[in-house]
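Enquirer: Now for the letters of each chain:
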Amino acid sequence: MKKIPQKEIHKYLRHNKKFPHVWCPGCSDGIVLGATIRAIAEIGWEKDDCAMVSGIGCSSRMPVYVDFNTAHTLHGRAIAYATGIKMAKPSLNVCVVTGDGDASAIGGNHLIHACRRNINLTVICINNHIYGMTGGQYSPTTPHDAIATTMPYGNIDNVFDLCKLTIGAGATFVARTTAYHATEMQSIIKAGFEHNGFSFIEVMCACPVIYGKLNKQGDAPQMMRDLRDSYVPLITYEKLNADEKQGQFPRGIFKNEVAPEYSERYAALVESLQSVKGEGDE
Amino acid sequence: MERKKPVLMQGNEAVARGAVDAGINFFAGYPITPSTEITEFMSRELPRRGGVFLQMEDEIASIAAIIGASLAGAKSMTATSGPGISLMAEGIGYAKMIEQPCVVVNVMRGGPSTGLPTQPSQADIQQARWCNHGDAPAIALYPSSVLECYELTIRAVNLAEKYRTCVMVLSDAMLGHMREPVNLPDLEHVNIIERIKPTIPPEWYKHYPDNAKYRAPLASFGDGYRFHVTGLAHDDLGFPTTRPDEVDRMMKRLKNKISQNIEDLVQVELFGDESARIAIFAAGITARAAKAAIEIAHQHGKKLLLVRPLTIWPFPDEAVHTYLSDKKMIIVPELNQGQLSIEIKRILGKSKKTRKIVEVHKVTGELITPEEILKAMKEDN
Numbered sequence: 001m002k003k004i005p006q007k008e009i010h011k012y013l014r015h016n017k018k019f020p021h022v023w024c025p026g027c028s029d030g031i032v033l034g035a036t037i038r039a040i041a042e043i044g045w046e047k048d049d050c051a052m053v054s055g056i057g058c059s060s061r062m063p064v065y066v067d068f069n070t071a072h073t074l075h076g077r078a079i080a081y082a083t084g085i086k087m088a089k090p091s092l093n094v095c096v097v098t099g100d101g102d103a104s105a106i107g108g109n110h111l112i113h114a115c116r117r118n119i120n121l122t123v124i125c126i127n128n129h130i131y132g133m134t135g136g137q138y139s140p141t142t143p144h145d146a147i148a149t150t151m152p153y154g155n156i157d158n159v160f161d162l163c164k165l166t167i168g169a170g171a172t173f174v175a176r177t178t179a180y181h182a183t184e185m186q187s188i189i190k191a192g193f194e195h196n197g198f199s200f201i202e203v204m205c206a207c208p209v210i211y212g213k214l215n216k217q218g219d220a221p222q223m224m225r226d227l228r229d230s231y232v233p234l235i236t237y238e239k240l241n242a243d244e245k246q247g248q249f250p251r252g253i254f255k256n257e258v259a260p261e262y263s264e265r266y267a268a269l270v271e272s273l274q275s276v277k278g279e280g281d282e
Numbered sequence: 283m284e285r286k287k288p289v290l291m292q293g294n295e296a297v298a299r300g301a302v303d304a305g306i307n308f309f310a311g312y313p314i315t316p317s318t319e320i321t322e323f324m325s326r327e328l329p330r331r332g333g334v335f336l337q338m339e340d341e342i343a344s345i346a347a348i349i350g351a352s353l354a355g356a357k358s359m360t361a362t363s364g365p366g367i368s369l370m371a372e373g374i375g376y377a378k379m380i381e382q383p384c385v386v387v388n389v390m391r392g393g394p395s396t397g398l399p400t401q402p403s404q405a406d407i408q409q410a411r412w413c414n415h416g417d418a419p420a421i422a423l424y425p426s427s428v429l430e431c432y433e434l435t436i437r438a439v440n441l442a443e444k445y446r447t448c449v450m451v452l453s454d455a456m457l458g459h460m461r462e463p464v465n466l467p468d469l470e471h472v473n474i475i476e477r478i479k480p481t482i483p484p485e486w487y488k489h490y491p492d493n494a495k496y497r498a499p500l501a502s503f504g505d506g507y508r509f510h511v512t513g514l515a516h517d518d519l520g521f522p523t524t525r526p527d528e529v530d531r532m533m534k535r536l537k538n539k540i541s542q543n544i545e546d547l548v549q550v551e552l553f554g555d556e557s558a559r560i561a562i563f564a565a566g567i568t569a570r571a572a573k574a575a576i577e578i579a580h581q582h583g584k585k586l587l588l589v590r591p592l593t594i595w596p597f598p599d600e601a602v603h604t605y606l607s608d609k610k611m612i613i614v615p616e617l618n619q620g621q622l623s624i625e626i627k628r629i630l631g632k633s634k635k636t637r638k639i640v641e642v643h644k645v646t647g648e649l650i651t652p653e654e655i656l657k658a659m660k661e662d663n
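Protein sequence lines correspond, in order, to chains H and Y. Take 1 as the starting number for the first sequence in my numbering and just add one per residue. Take 283 as the starting number for the second sequence in my numbering and just add one per residue.
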């Protein structure tokens, strides 16, 4: 991991009219924004060659702050928009920023199909276990028994493990990290960007103002400490016995495989057809 | 390229050929009767031409992919039928909001819901106007022959590029599956409107400039003009705003770019005798029956006029005023329960002249016949 100074980050931010940002005090979204920019700075991509696409939600407000080609699209649909952008201009480095509700509830179908295609998109899913922007409704990742404004008696729904979901759906790069592990996050996002195929990076985040308050999780620093203590490296996690695994979650790169990438497959198909006469040409 | 020989062609195929001739190089779709032939044609044709064809996981993803592709510089299109339009509605509104060109084809079938998937209908005429939430105008074209399927698809692509919006082509199960011999024009005679690219330095670029004619240059992702688009109300740079003056400017632009270009957008065909006292207002497949009815009536010495809109939205208000306000009777046959006639009543309702508007509806999946139009005329005369 290369240290990227603050000054360098400013080069990637928009300076006209965009700040202050919309995020609450103590929100992790800014940490993810910082790590994402640092990862891009580390790789050295030109701003013109980067596209950031999002759906709707707190995390989805990120694109407006960065000086890339940016699209704030519809709730749940960012990956489908990004698919169109990537296929129309494969030279662009296309990144999707999404949240747990956006990616796995309303956008679940697009997520699994993009995994299946193995199209070269990097999806950064900021998981705060709640619909923050609408004020605290439960999402597919809200823990069992947790309180949400639409689960006032405690959540009876089962929880999606988004990493297992995307691994099962065929994503070729799947990783989990947390907002506490900011430098690790930078390395993982960089690895996701550099991976040629569909990358899914789940970033566990603190939402002290909505989720934290509803569930008495303490203030923002306390929620960061909880992230530090609850998410352990995969190797450590695997060594834990069943009892020790209670309340602990693995983090790190779970899957990193080389497989044919969709836009390249498509380009190869086009190449192979170049000698075939067009149907309109008879 | 010689294309002088007439070719027997299906309406759906003509739409697809029009699309590729107009420069569509990106298509994303999802199978649905009765539009699937368009999607299948594109899946064969676009990869050969170096374009992109994607079968997406649903219609929502299809409209999303074509808008995304358009953002990245492609000329893009999707095709579906009523249920698919219902799913695409939010995306269509997004394309209008961010002013990104794209074309959506609706091969209409009986509805509501799954309805009559293999049978024609004109029940989505008002849906074409109002499918997206929020206050935004629509452009929709409706051919009535296989050749026109080709021509109006080209026009739809051109209008989408020119007015930076989502343009809809309406067709129906009959028109889409019907075959007619057509003489496609030579490609060099096909008028293609290309997207205007900005030439100013990126720091001067405004994604939504105010401009009297509402024809503004449009940068694409990767062009060096790093811009932002959002479905939120936005300022002229594309950044979210809640400032009333900026929101007002945006909303007015969306409206005015259509309402101040009616002459360019609206096309109407007149058929028969303009001096006739009885007129028919019909579109698409039903206009064919109307033409046949007029020919039968002429043989019996009876004069009739057909006013046929090729542009359904914006609605041809002026043509209705000009050609229909002095008629004794106006027959409005349509494959729905009064979606065109409600507009005729809206427009002519204001005038004081007494006249009869005779509505002929059919929603059984069958077509309205020329005899039924003539019968309605006689019964009400």
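Source of the hints: derived by calculation from the structure; they are not laboratory data. Quick caveat, the model's predicted, so the values are computed rather than measured. Possibly wrong hints are sitting among the right ones.
[Unchecked claim] Derived BS3-like pairs (lysine-lysine); straight-line CA-CA distance at most 25 Å:
1. K627/Y with K585/Y
2. K585/Y with K660/Y
3. K18/H with K534/Y
4. K47/H with K638/Y
5. K488/Y with K47/H
6. K479/Y with K537/Y
7. K534/Y with K573/Y
8. K537/Y with K585/Y
9. K17/H with K488/Y
10. K47/H with K18/H
11. K585/Y with K657/Y
12. K17/H with K534/Y
13. K216/H with K245/H
14. K488/Y with K18/H
15. K11/H with K488/Y
16. K534/Y with K585/Y
17. K638/Y with K610/Y
18. K573/Y with K537/Y
19. K627/Y with K644/Y
20. K660/Y with K573/Y
21. K2/H with K47/H
Enquirer: Flag every earlier hint the structure violates by its number, smallest first.
Expert: Hints 4, 7, 8, 16 and 18 not satisfied by this model.
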